[in-house]
Every structure is written in structure tokens, then in C-alpha cells.
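*Asks:* My request is simple: use the sequences and hints to build the entire structure.
Protein chains in written order, with the numbering used here: chain U, 1 to 187; chain B, 188 to 852; chain G, 853 to 997.
Please keep in mind that the hints were generated in silico from the structure rather than gathered at the bench.
Just so you know, not all the hints are guaranteed correct.
[To be verified] In silico SDA-like cross-links for lysine to any residue, where the CA-CA straight-line distance does not exceed 25 Å:
1. Lys702/B / Arg918/G
2. Lys913/G / Val759/B
3. Lys524/B / Trp461/B
The structure presented is a predicted model; accordingly, all values stated were derived computationally and were not measured.
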Amino acid sequence: MNRFLLPLAAFALLLVVLIVGLKHAPQKDIIPSPLIGKSAPHFTLPNLLDEGHPVSDDALKGRWSLVNVWGTWCGECRAEHATLLQIKQEARVPIIGIDWRDQDADAKNWLTQLGDPYERVGTDHDGRVAIDWGVYGAPESFLIDPAGTVVYKHVGAMTPQVWQQEFLPRVGAAPAPAAPAPAGSGA
Amino acid sequence: MVIELGHYALILALLLAAAQAFFGLAGPVLRRERWLAAVPSAACGQFVFTALAVAVLVHAFIVNDFSVRYVAENSNSALPLFYRVTALWGAHEGSMLLWILVLALWTMAVVASMRRLPVEFAARALGVLGVISFGFLLFTLATSNPFARLNPAAPDGNDLNPVLQDPAFAIHPPILYMGYVGFSVGFAFACAAMLEGRRDQLWARWMRPWTVMAWAFLSCGIALGSWWAYYELGWGGFWFWDPVENASFMPWLIGTALIHSLAVTEKRGLFKSWTLLLAVTAFSLSLLGTFLVRSGVLVSVHSFAADPSRGIFILAFLVVMIGGALLLYAWRAPRMKSAAGFDLMSRESFLLFNNILLTIAAAVVFGGTLAPLIADTLGLGTLSVGPPYFNPSFLVPMLPLLALVPLGMHARWKRGGLGEAGRPLLIALAVAAVLALALAFGVYAHPLTLTPIGATLGIWIMFAALIDPLSRWRRRLPLPAGVLGMSIAHLGLGVFVLGITFVQSNTIERDIALKPGESAQIGSYTFRYLGGEDIEGPNYEGFRGTVGISRGGRAVTVLHPEKRRYWVQGTVQTTAAIAPGLNRDLLAALGEDVGAGAWSLRFQYRPLIRLIWLGALIMAIGGVTAVLGWRQRGLAPSDASTAIAPGGPLGAATGSPAGSRGGVS
Amino acid sequence: MTPRRRRLLWVLGILVGVAAAGGLALRAFQQNVMFYFDPSKIAAGEVKPGQRFRLGGMVEKGSVQRIPGTLEVRFVVTDFRHSVPVRYSNVLPDLFREGAGVVAHGRLDANGTFVADEVLAKHDEKYMPPEVARSLNQGASSRTQ
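*Replies:* Below you can see the structure in the form of C-alpha cells.
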């Protein structure tokens with residue numbers, strides 16, 4: 001064999017290794033959640049816009065809901081905001097916001113300026129609740145079924161594709177109510 | 188609007204890069220003069236539009252345009268102006284843009300000195316550079332567009348990662364990129380020589396200054412990165428054998444081998460195919476490094492956010508560029524035979540050893556870096572290798588290499604022998620050994636076995652580097668730039684070796700929990716923790732400790748290590764305090780509040796650590812000196828003109844009178 | 853020496869050199885390569901006694917305990933199936949926190965406690981080392997089944 005072909009052969013071998021390595025490389029969404037299949041963690045947080053009524057995990061019971069962890073300091077949250085507003089318009093699944101490590105004034109401003117997609121927003125100033133939820137970074141979104149079980153988790157900005165391909169089918173698997181009626185739709 | 192302008196400029200740059208590649212590669216084949224003439228224009232255009240795109244993004248950072256996603260994610264209105272500009276290369280998308288700009292700069296440099304080259308050769312080289320530009324522009328536009336908008340715009344940005352808010356970081360990436368992107372010129376010249384099917388070695392003469400220049404930048408860039416990691420990552424390490432570091436170190440090792448083998452090829456017409464392979468490999472390793480850093484296949488402390496889709500793109504690009512070049516090599520290298528012989532003690536054989544040992548060293552690093560991947564491929568489980576593997580394995584080829592440097596520098600070409608340098612070399616070795624032993628056993632106690640050996644080699648190399656310039660100066664002989672550059676670079680190597688020897692064998696490091704007033708003994712220094720206070724900075728809050736250091740009862744210095752918490756991202760950062768000195772560095776870093784009024788602290792004493800970076804800097808200065816000297820003497824142009832055979836540029840012959848010696852008949 | 857013999861000598865010399873370097877590097881590699889194990893693999897008895905290895909997983913919530921005034925820290929690393937107690941007595945990295953991924957280097961002691969000599973975390977707090985991500989993923993999915 002031509003010895004000048006050896007470098008090419010070595011490169012081909014290297015390529016195999018690189019391709020396998022690439023296949024095993026972690027996807028963005030691979031960060032797992034031990035919560036999936038389990039009850040959503042208990043929490044009670046001050047309500048951002050309605051001081052008298054704290055936000056707690058009770059809000060997740062008896063209907064499908066989406067828990068969205070966000071903060072005004074987070075660029076991706078801004079990118080997903082329009083999608084969240086669309087989800088609100090669909091009126092199928094209400095969104096519970098957890099405003100993570102944020103200033104209340106900033107958060108209020110944000111909702112006034114960009115629109116408020118949330119049914120209610122709890123403020124998690126010190127990040128305690130986010131730890132319970134296993135939050136790595138904002139934004140993260142959790143799909144909760146009527147029994148209060150975490151069904152799915154998405155890391156990163158919500159997009160219409162993700163919503164339609166990952167979230168809605170899971171909601172659809174259950175007899176879907178036309179409106180987010182608080183009545184138990186059964187899981 | 189302005190932002191879209193930047194995006195369009197980048198698209199135009201892409202089209203011009205395609206034109207540059209097409210005309211450059213097809214022109215010489217189809218023998219169209221006008222196509223050849225279009226190549227430099229396309230290259231200039233590509234540069235102008237790339238620069239415009241960069242300017243637009245820098246402008247967006249300066250005016251805090253948070254409607255641009257990249258700006259919103261990597262800047263903040265509270266960020267000082269200087270860092271708003273350098274935030275450009277703070278993350279993946281912008282650093283790709285910097286990569287492309289640096290490549291365009293090198294391309295422009297080639298265009299500017301084109302008249303020294305045969306027209307066809309220059310066109311082909313620019314064509315290859317055009318292919319590289321095209322690939323990276325396409326990659327950036329398709330997978331990592333830095334001009335993507337954020338709708339609606341953010342009121343303020345997410346801030347630059349605090350560890351990147353640093354002056355050394357500001358200049359580290361551009362210089363590093365100047366280095367390993369600079370090897371693209373050598374790569375392009377090698378491809379052009381192979382495409383032309385040249386049999387001579389003139390290309391080596393043309394390639395040499397470019398490669399040495401890129402090598403000098405890379406040396407400087409790696410040293411800066413190491414220095415930055417040393418004080419900014421907070422824990423006092425200067426080299427971690429991390430995949431990202433290795434990604435720039437492997438091209439450096441092969442690049443070092445390349446500049447030495449180029450000397451042989453240029454002067455003696457030997458090692459031609461080997462030199463070509465090194466030129467291809469040096470840049471291939473740069474590309475591979477880019478892949479490893481940006482695809483997420485390897486775990487690293489520095490790597491960019493992983494995104495396998497980018498990995499696939501770069502991988503495809505690797506196949507085209509490296510695969511193409513190696514195919515070309517398999518086809519064309521066999522005709523580049525070298526017939527001349529040389530003796531065992533000749534300069535040629537020392538440089539051959541240099542090449543073999545450096546290649547082994549690169550292979551050691553390569554193996555260690557890719558071991559986790561290879562094990563994964565073979566299903567051997569998840570493993571990792573760290574300094575315990577790299578340090579001893581790397582020494583195996585390095586020790587003989589360093590021992591050969593003083594001899595190789597003075598060995599004569601062809602016939603060999605050290606000539607009149609033999610005696611001074613021997614004296615230098617004796618003096619170096621005495622000094623080294625004095626240092627190892629007198630000044631720095633508790634040496635390792637390797638300490639006196641390393642110190643002897645370091646000092647011997649420094650002395651050996653001075654022999655030639657000194658003897659020429661005494662006899663009032665002229666000192667050619669090449670010799671001067673080589674002497675300076677080897678002097679730097681000696682300084683580096685001396686530094687690393689004592690850093691490795693005499694560093695003292697200790698983690699300890701202390702209450703205010705308590706102290707710890709680090710070597711001959713007493714570190715006393717005197718308490719601390721809460722502090723508040725422009726964009727962070729934190730705790731600042733006070734550590735008094737004394738030696739033999741005399742106060743040496745007071746250090747203020749800090750623990751900072753940056754508001755915007757909520758990240759905690761250790762800011763170590765360092766008392767630098769040419770003879771030693773003292774470092775104190777705060778760990779955390781461990782309760783009962785105590786803080787955990789890390790103290791370090793590192794002797795001669797400054798010599799490591801100083802040595803690398805001197806090496807780089809040596810390289811630049813040689814290149815500037817070659818240019819000033821106008822060596823290249825006169826040689827190039829002799830290369831062009833009568834009958835115009837298109838009829839340029841593949842051989843030349845000067846190169847006939849090494850040619851094959 | 854004839855050129856042919858000289859050439860042979862060269863090739864031989866180079867071969868010996870390369871073989872020596874390769875052998876030494878391989879030895880260093882074998883002695884110093886560190887395998888990665890998650891708590892489940894440890895529970896399955898895959899770790900040899902005294903073997904130095906990398907442990908990866910998540911720092912269990914509420915498990916971090918300090919002995920006040922000292923460097924001594926104890927915490928529990930879990931992959932959601934099994935857990936391993938860890939002891940460490942050096943300065944922890946900035947990004948070490950409960951509920952976050954962690955990689956530690958060290959050995960198991962006789963009681964099954966992992967004695968770490970190095971604990972690693974990355975600059976980026978959103979980052980998870982891929983092998984840890986894989987362990988946690990397997991752990992999480994096996995639990996839901």
C-alpha cells in the first residue's frame with residue numbers, strides 16, 4: 001500500500017470516533033428531571049400581582065396546567081414570551097408562573113409591557129422553590145396533569161413546535177376539555 | 188436596521204468567499220487570466236464585508252442594542268464600555284465571527300504580499316483560504332447567526348460571564364485565533380503546492396514566514412490563556428490539560444515541528460513530503476480543536492454551550508477540508524522525493540529528531556485528549572485522563588528533545604559536527620549543571636529527581652542560545668535575522684523550562700479553615716488570616732478577606748482575596764489575590780464561610796511561575812524577530828521572482844534553478 | 853557506513869525511541885486513567901477496592917453537612933436510584949450546590965463512604981457533565997417505569 005495514504009486512513013479512523021462521540025454528546029434537553037411521574041413539589045409563594053392570595057401547588061390540582069419558571073434577567077424567557085401568550089390565547093392549559101430570583105418591580109414592568117400570559121405568578125426570591133423543582137436555569141416549563149403529577153419538562157425557551165409536538169399530545173392523551181374548567185377531567 | 192445590514196454583509200462575504208474559492212481553484216486549471224485577476228478582488232471584498240459585519244455587531248454592543256439576542260445574552264448596560272466591545276467574543280456566535288475576521292485578516296495579508304509569489308500559486312492558495320472562509324461563514328449563518336433578533340427587545344442584557352470580564356480575556360481570544368487560524372496560510376500554501384504538483388521546495392521558503400508568525404501568535408495566545416486561567420479562575424492552576432487547552436496546544440506542537448522541518452526543506456530540499464504533511468496537520472488540528480470545543484463531544488471547563496447540530500456541520504467541514512487535503516497528499520506527495528543525504532551529527536538529523544519527538548509529544552496529548560471518546564466508541568466505559576497521565580507521558584519525548592536543542596542549534600548542515608561551538612557548549616553545560624544543583628539544593632530545598640535535570644537543561648539551553656549571537660558580536664560579524672530570531676526563541680524556551688521545573692517541584696499548596704487571627708505556614712511564609720468585611724461593587728456584592736503574609740517575622744505583603752456574587756446572573760466567583768514576583772508568587776483565595784467564624788482558605792506559594800509566561804513571550808518575540816528580519820531583507824521577493832519562469836505567470840514552471848538540487852530526476 | 857546501512861540504523865533508532873515512548877505513555881495511561889461510576893454502579897459492586905475513580909451524580913437536597921470551623925464537608929451524591937455518602941476536606945468549587953450535578957475524584961473507604969480529594973464544577977451553572985446527565989437520566993427513567 002502507498003504509505004502516503006496512511007494519514008488519510010488515520011483520519012478516517014478518527015472520524016469514526018468523532019461521529020460516535022457526537023452521537024453520545026448530550027442534547028440540550030437531556031438534563032433529566034427526577035420529578036417526572038411524581039407529584040409536583042409542594043410550595044407556597046407570594047403572589048406577584050395579588051398580594052392577598054398566595055400561589056401554591058393547590059393551583060395545579062384538578063386540571064392540566066403548565067408551570068413556567070422565568071425571570072426578567074433571562075434572555076431566553078423574553079424569546080419564549082410570545083409563545084406563552086399564544087398558549088394563553090388557546091385557553092386550553094393555564095400557565096402558572098414562578099418568577100425566579102427576580103425583583104418584583106421588574107417583573108411587574110415586564111408583564112405590563114409584554115403582556116401577561118400567566119393565570120397567576122408566584123415570586124421565588126431566594127430560589128428555594130426552584131431548587132425543589134430541580135430548576136437548572138430559566139426558562140423551564142413543566143406540564144402537570146389533573147392529579148398534580150409532573151408529566152413532562154422542557155428546558156429552554158418554549159416554542160410553538162415544542163408546544164405542539166411535546167406538550168399538546170400529552171394533554172390530548174387525556175379526554176381534553178375544551179376549556180380549562182377546574183372540574184376533574186380525569187387522568 | 189443596522190443589524191440587518193450586518194447580516195447582509197455576512198451573506199455578501201459568504202458569496203465573495205465562494206467566488207474567491209472558485210476563481211482561485213478553477214482559474215489556474217482552466218487557464219483564465221481574468222479569473223485569476225478576480226481572486227484578490229474577491230478576497231478584499233470578503234474582508235471588507237466581514238469587517239463591516241463585525242463593526243455592526245460591535246456597534247450593537249456599544250449602543251446596548253438589546254433587541255439583538257446575542258447582545259442581550261452577553262452584555263449589560265452596566266458593563267464598562269471596554270468589556271462591551273470584548274463581549275463580542277464572549278460566546279459561541281461572536282467568537283465564530285472573530286474566527287472569520289481573523290481568517291479574513293490573514294487572507295488580506297496574503298493578498299498584500301502576493302506580488303512576491305507566482306500568480307497561479309497565489310491564486311490557488313487564496314482559493315483554498317476561500318474554501319475555509321466559505322465553510323465557516325456558512326456555518327455561522329446557518330447554525331449560529333449572531334445577528335438574530337430578540338422580539339420583543341430586552342430592557343437590559345444578561346451580562347457577560349464574570350470570569351470573562353478581564354483585560355487578559357479581552358486580548359486572549361484574538362491572539363489565540365491569530366495563531367491557530369494563521370496556520371491556515373501554511374495549509375493553503377501546502378495545498379497550492381500539491382495542486383500544482385510542484386517538485387521543488389520554493390513553497391517552503393514562501394510558507395516559512397507565515398508559519399513562524401502564526402506560531403508566534405499561538406505561543407503568545409496560549410501563554411495569555413494560561414495566565415488568565417491562573418489568576419481569574421481563582422485557584423492558581425496555570426495548565427490543566429483540559430481538552431480546550433489541548434486543542435490549542437496540539438497545533439502548537441505540530442506547528443513547532445513544522446517551523447523546524449521548514450528550515451530543512453527550504454535550505455536543503457529535504458523532508459518535503461513530511462513538511463507538507465505537518466503543514467496540513469497543524470491546521471487540521473486547529474479545525475479539530477474547533478470541533479471539540481464547540482460540539483460538546485468532550486467535557487471541558489471552558490467549552491461553549493454544547494450543540495450537536497453544530498458538531499455535525501463542523502464534522503462535515505472537517506471531512507471536506509482535512510479529507511480533501513490528505514487525499515491530495517496521497518496523490519501528490521509521492522512525487523516530492525528528496526535525494527540528498529546527511530550525516531548523523533548534522534543539523535538535518537537533529538531537526539529530524541526534533542520533529543519525531545514533537546510529533547510523539549503531540550500524539551501523547553492527542554491520545555489523552557481523545558481517550559474518553561475512544562473508550563466510549565469501544566464500549567469500555569466512561570473514563571477520563573488528567574495530569575497524572577499527561578505530565579509523565581509528556582516528559583518522555585520532551586526530555587530528550589530539550590537535551591538535543593543546544594546541540595541541534597549549533598550542528599552544521601550536511602556534514603555535521605559542532606565545529607567551534609563544541610567547546611563553549613561543553614563549558615555551558617558544566618556551568619548550567621553547577622547552577623542547577625545550587626538552585627535545586629541550595630535555594631529551593633526538597634527537589635525531585637527531575638529538578639536538577641530540568642534546571643540544567645533550562646539553563647544550558649539559555650546559554651547555548653547566547654553562544655552564536657555573542658561570538659558574532661565579538662567578531663563584529665553581522666547577525667542574520669533568522670539566527671537572531673532562533674536564538675531569542677530558544678532563550679525563551681530555556682527560561683520556560685527553568686520556570687516550569689521549579690513550579691512543578693517546589694509549589695506548596697494548602698487548603699485550610701481559619702478564624703481571624705489564625706495563621707498557616709506555607710514554606711518559609713506565614714499566612715495570617717486577619718478577618719474580612721462585606722463589600723459591594725458596581726455589579727456585585729461580596730466578602731473581602733485580609734491575609735497578612737510574613738517571612739521570618741518580617742511583613743511581606745497583605746492580600747485581599749474576594750468572594751463575589753454577581754447580581755445579574757447570580758453567579759458566585761472566587762477572586763484570588765496574588766502577590767506576584769519574578770522569584771515567586773504568593774496566592775490567597777477565599778473558599779466559603781464554614782461556620783464558627785471561620786473561612787476556608789487556599790494558600791499557595793509558587794516559585795518562578797512568571798518565567799513560564801515570560802519564556803513563552805520571549806519565544807514569540809523570537810519568531811516575530813525572524814519574520815520581520817526576513818521581510819526587511821526582502822529575501823522572499825527576489826527568490827520568488829527567480830521562480831517565475833520566462834513566458835509569463837501562467838507558464839510558471841514547476842521547477843527552478845534554486846530548487847533543482849532536491850528535485851527528482 | 854553505506855547509506856543503506858545508515859538508513860537502517862536510523863529506522864531502527866527511531867523505532868526503538870517511538871516504542872519506548874509509546875510504552876511509557878501507555879503505562880502512565882493504564883496507571884492513571886480514571887473510570888467514571890455513578891452510585892448505581894457502585895451499588896452493583898463494579899468498583900474494585902481501593903480503586904481511584906470519578907463519581908458523578910446530583911448532590912442530594914439537604915444532605916450537605918459541615919463540621920463548623922473546619923474544612924470537613926459531608927454530602928450525599930445520588931443518581932435517583934442509589935446514593936453514596938461523600939466526605940471532602942478541601943475548598944469546594946464556587947458552583948457546588950445542593951440539587952446540582954457534581955463530579956468528584958477519590959476512593960471508597962471501608963465503610964462505603966467516598967473520600968473525595970477533588971470536587972469539580974464548571975463555570976457555567978446551567979451545565980451538566982454529559983456522563984452525569986446520562987446517569988441521572990437512566991436513574992430518573994428507571995424510577996418512572
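*Asks:* The structure should be examined with respect to each hint, and the outcome stated for every one.
*Replies:* For each hint, the structure was consulted:
no., hint, verdict
1, Lys702/B / Arg918/G, "holds, 15 Å"
2, Lys913/G / Val759/B, "holds, 19 Å"
3, Lys524/B / Trp461/B, "holds, 10 Å"
In terms of the numbered hints stated before, the structure departs from none.
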